[in-house]
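Enquirer: Sequence:
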Amino acid sequence: KLKVAVRANAGKIAGLGHVMRCISLVNELKERYNAEVFFVMKDEPFGVEAARSRGFGVKTLPVELTVEEDFRNTRELTKDADIIIADSYEFTTEYLKELNDDKKLLVYFDDYYGIQEKMFLPVDVIINGNAYGAPELYTIRARSDTKLLLNLKYTPLRKEFQNVPKRTIKEDASTVMVILGGGDASQGLTLKIVDALEQINKNLKVNIVFGKAFSYKAQLQEKIKMCRHNYQLFENLTELVPVMIDSDIAI
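Take the position in the sequence shown, starting the count at 1, then add 2; the result is the number in this note's numbering.
The hints are simulated quantities; they were obtained by calculation from the structure and are not laboratory data.
Mixed in with the good hints, there may be bad ones.
So the derived label-pair ranges between C-beta atoms look like this [stated by the list, open to error]:
#1 Arg54 x Phe236: 41 to 51 Å
#2 Pro244 x Asp197: 22 to 32 Å
#3 Pro47 x Lys99: 29 to 39 Å
#4 Tyr218 x Pro244: 19 to 29 Å
#5 Ile202 x Lys81: 50 to 60 Å
#6 Ile253 x Phe163: 12 to 22 Å
#7 Glu66 x Asp197: 29 to 39 Å
#8 Lys5 x Glu71: 18 to 28 Å
#9 Gln223 x Lys155: 23 to 33 Å
Backbone N, C-alpha and C fix where the C-beta goes; we use that ideal spot for every residue, glycine too.
Let the sequences and hints guide you as you build the complete structure.
Expert: Shown next as structure tokens:
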């Protein structure tokens, strides 16, 4: 039976995006190949709960550990896996080298973000599902035999986002969705967006979506009491599509 290990982190700073897109991928592997999947992640409750609540086993690492301790523990915990899927901005070239061996397929999600822009990726498969994903980004950043899965064709979408009906885009938007991921790693940027929206002199309905890692819920609830627009808060949604369809524009 195909065994797949996912090495990803989640939390108040990292949010849930890395874990959620890995879940999109491994759900397909489970469905198509009956794969046995487990996650290896730091013991942050938000990420661990996200994986376990969707039926995946989780092997945890201490939150505070050195890079060397991390890859040594991860290598031990994933020793029986056939495929390792790695997704974190924390991983370095040296870290990925330690995970890679001839007996496993190492898959890496790359966003060409921050320090990643100059980082060599010693992996077997690179997934960059962003609109800017292009082969030129990997001319000197990957081995010649690395399989590149690039651009929107390879964006991992959960089932709920597939086959969504087409809609007409309004020229005059009246409903706004604000969504910055499962947390708010941008130091309260959601609150600043509310301040900016309040400067718009028309009646708006504003749908604000956030997850359990969001640290500013109480402040947000107090702020919108004094606001002119109609604000609706959605916490830890299991289905996002209805809110998306209800909104004319998203931030």
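Enquirer: Indicate, hint by hint, whether the structure satisfies it.
Expert: Each hint tested on the structure:
1. Arg54 x Phe236: 41 to 51 Å: violated, 22 Å
2. Pro244 x Asp197: 22 to 32 Å: holds, 27 Å
3. Pro47 x Lys99: 29 to 39 Å: holds, 30 Å
4. Tyr218 x Pro244: 19 to 29 Å: holds, 24 Å
5. Ile202 x Lys81: 50 to 60 Å: 55 Å Cβ-Cβ, so the 50 to 60 Å window holds.
6. Ile253 x Phe163: 12 to 22 Å: holds, 18 Å
7. Glu66 x Asp197: 29 to 39 Å: This hint holds: roughly 35 Å between Cβ atoms.
8. Lys5 x Glu71: 18 to 28 Å: For Glu71 against Lys5, whose Cβ atoms are near 23 Å apart, the range 18 to 28 Å holds.
9. Gln223 x Lys155: 23 to 33 Å: Because 41 Å falls outside the window, the suggested range is violated.
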